[in-house]
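There are 2 protein chains.
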Amino acid sequence: MMKDPLRVGKAIRAQLEHEIPRDLPLEKDFREGTNYTITDHVNELHAQLCPDKRTLGLFTSLVNHLHAFARETQPTHGEWTRAIEYLTRAGKESTEYKNELILLSDCLGLSALIDELNHPKPSGCTDGCEPGPFKTDDAPELPSGSSVASTNTAGELMYFEATVKDTKGQGVPGAKAEMWQADGDGLYDVQYPNRPEINDRARIIAEPNGHFSYRGILPVAYPIPSDGPIGDFLHALGRHPHRSSHIHFMITAPGYDDLTTALYPSHSPFLGTDPVFATKKSLVTSVTEERDPARWKAMGFSEGEVQKRGGRVWLWKYEFVLPSVEEVVELKKRHDAKVSKL
Amino acid sequence: MMKDPLRVGKAIRAQLEHEIPRDLPLEKDFREGTNYTITDHVNELHAQLCPDKRTLGLFTSLVNHLHAFARETQPTHGEWTRAIEYLTRAGKESTEYKNELILLSDCLGLSALIDELNHPKPSGCTDGCEPGPFKTDDAPELPSGSSVASTNTAGELMYFEATVKDTKGQGVPGAKAEMWQADGDGLYDVQYPNRPEINDRARIIAEPNGHFSYRGILPVAYPIPSDGPIGDFLHALGRHPHRSSHIHFMITAPGYDDLTTALYPSHSPFLGTDPVFATKKSLVTSVTEERDPARWKAMGFSEGEVQKRGGRVWLWKYEFVLPSVEEVVELKKRHDAKVSKL
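The listed protein sequences derive, respectively, from chains A and B.
Read in order, the letters of the first sequence are residues 1 to 342 in UniProt numbering.
Read in order, the letters of the second sequence are residues 1 to 342 in UniProt numbering.
These are computed hints drawn from the structure, not numbers from a lab.
Taking lysine-lysine pairs in the BS3-like style, the calculated list, with each CA pair at most 27 Å apart, reads:
| # | chain 1 | residue 1 | chain 2 | residue 2 |
| --- | --- | --- | --- | --- |
| 1 | A | Lys10 | B | Lys98 |
| 2 | A | Lys98 | B | Lys10 |
| 3 | A | Lys92 | B | Lys135 |
Here are some chain A residues pointing at chain B (derived, C-beta under 10 Å):
| # | residue |
| --- | --- |
| 4 | Arg13 |
| 5 | Pro21 |
| 6 | Asn43 |
| 7 | Val63 |
| 8 | Asn64 |
| 9 | Ala68 |
| 10 | Glu72 |
| 11 | Thr76 |
| 12 | Leu101 |
| 13 | Leu108 |
| 14 | Leu187 |
| 15 | Pro219 |
| 16 | Ala221 |
| 17 | Gly238 |
| 18 | Thr273 |
A virtual CB, placed ideally from N, CA and C, is assigned to each residue, including glycine.
Based on the sequences and whatever the hints tell you, model everything.
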């Protein structure tokens with residue numbers, strides 16, 4: 001025992017040969033209802049020991065908010081146990097293609113908030129949203145006016161046209177619009193077994209005035225995966241897993257801030273109860289029916305093709321407004337000033 | 001397509017045959033810097049759909065605090081990804097005997113806080129702390145004065161004596177004190193391969209005046225498991241995993257509130273940096289050396305036994321103060337009044 005004046009066990013002794021951890025005097029007693037609670041104690045410990053300023057800022061805020069949550073809601077031991085079990089299960093049931101903790105962050109509105117905080121937009125610019133799990137790296141680059149859907153794709157015909165503009169209303173030159181979407185069965189190409197073809201996705205090269213269009217299929221609504229823990233979460237809150245119909249876009253142009261977003265047709269159900277909170281009102285637009293064969297032809301559809309698919313084409317128009325890099329740098333400076341106060 | 005006027009995909013159609021989820025009008029646009037943010041939107045949705053008041057209260061507070069945390073700290077996408085990956089890994093690496101999410105809750109001070117909130121103590125009562133993972137159901141019931149350590153147990157000899165009192169200073173009749181502790185190598189009996197014997201744990205029956213004692217081994221410090229995600233967390237914050245030396249107690253007596261706690265000798269290292277924030281100052285007491293053979297005998301040790309183990313016995317004394325059930329009911333009423341406001 002003389003070898004162990006600190007009275008630490010074997011496991012610690014093995015580590016102490018390399019490093020003696022710093023101890024601090026236990027100066028104050030921490031107790032609820034006093035001027036010095038466990039929250040103060042945890043944060044004071046971190047303030048004295050944490051080697052990195054950003055880590056300290058993140059965890060000080062996290063400890064403050066988690067502890068405030070506990071004081072506000074007074075969780076029972078049973079509720080705490082269920083929360084631990086839920087998070088453990090969410091980790092265990094996550095796979096490479098379906099992460100339950102990302103879904104939880106999405107369904108708490110946290111992912112959308114962090115996306116918005118990271119992409120401040122000057123007034124009048126198109127709102128962003130998260131890209132979601134179905135973006136791939138292999139979308140073909142196609143000229144404006146191309147078809148993005150193969151002939152066998154399930155669904156109704158759609159013609160999408162848009163202009164990419166700056167905050168002054170001028171068309172932006174050099175824009176590319178990557179789009180990816182579900183088909184008329186609510187499935188992305190990557191969700192079909194063995195992914196028979198690249199479909200319903202492309203990198204469209206806009207015209208020099210910022211205008212671009214493509215022919216494709218009207219997307220329909222589909223659910224997020226709800227067979228695991230996130231389904232239980234949504235059920236407990238009275239919510240459903242169904243996302244509104246949408247097309248994803250990632251718009252880029254030299255000198256402008258990248259825009260990742262999605263557009264929603266106003267006819268879609270679930271706009272008011274979207275599980276991941278991506279249906280910003282500014283991204284919802286009406287889609288109209290085009291029944292004029294002359295217009296079908298101008299869009300690039302053959303009359304036979306349209307007649308075979310119900311005798312109409314859905315026409316979807318939008319104006320994307322991108323901030324310049326300078327405009328965003330200016331806004332971010334203000335945000336960073338807030339963060340550096342931590 | 002006529003069959004699908006809502007334009008929802010196959011996966012949703014299959015579910016809609018059973019139930020049409022309620023949609024809400026998308027009345028307001030949510031955006032940072034306006035009067036209606038995503039936080040308002042999420043909480044309003046839950047307020048309209050959640051079928052259970054307590055669930056709504058818990059998640060409204062959680063959403064408010066997680067969103068406030070994000071606004072305060074402005075996490076980058078990279079930081080958010082690391083947090084998701086961390087929690088996923090914590091779930092995946094958890095086992096029946098080592099739950100990384102419990103450890104994370106412990107090391108953020110959250111477990112200790114929730115324990116304290118659930119066990120409000122009138123002033124003067126002994127503070128509580130969590131039982132930890134090493135309590136078993138098979139501790140033998142022994143009369144006061146018994147030995148709890150087998151002859152081969154590693155460590156220095158200790159005599160522990162205490163009285164269980166009420167808030168008026170009177171000894172409490174009918175008390176039982178379950179104790180469990182590590183030995184002189186920092187290991188609990190259950191940590192030895194195949195657990196050769198029940199050791200260093202017992203349910204001691206106190207005398208009618210509340211006094212009890214036992215003979216055993218001075219516990220030494222040991223680390224919490226730090227080979228997984230919690231080790232990375234502690235390292236990032238400049239902290240170590242070593243718990244101070246301690247004895248766990250669970251004291252029960254008819255008519256009194258159960259007390260789960262632990263006591264710490266003032267000679268222990270790591271009192272100021274305990275990883276799970278259980279070293280409340282009121283639980284730390286000095287332990288003295290007894291070198292008088294007459295006293296050893298009175299304690300129940302043989303002189304030969306003591307001489308073989310370094311020629312001294314450590315004497316540890318404490319007074320446990322338990323609130324009556326009535327006193328706690330009164331305090332809890334006040335706490336519940338707070339919670340019901342949610």
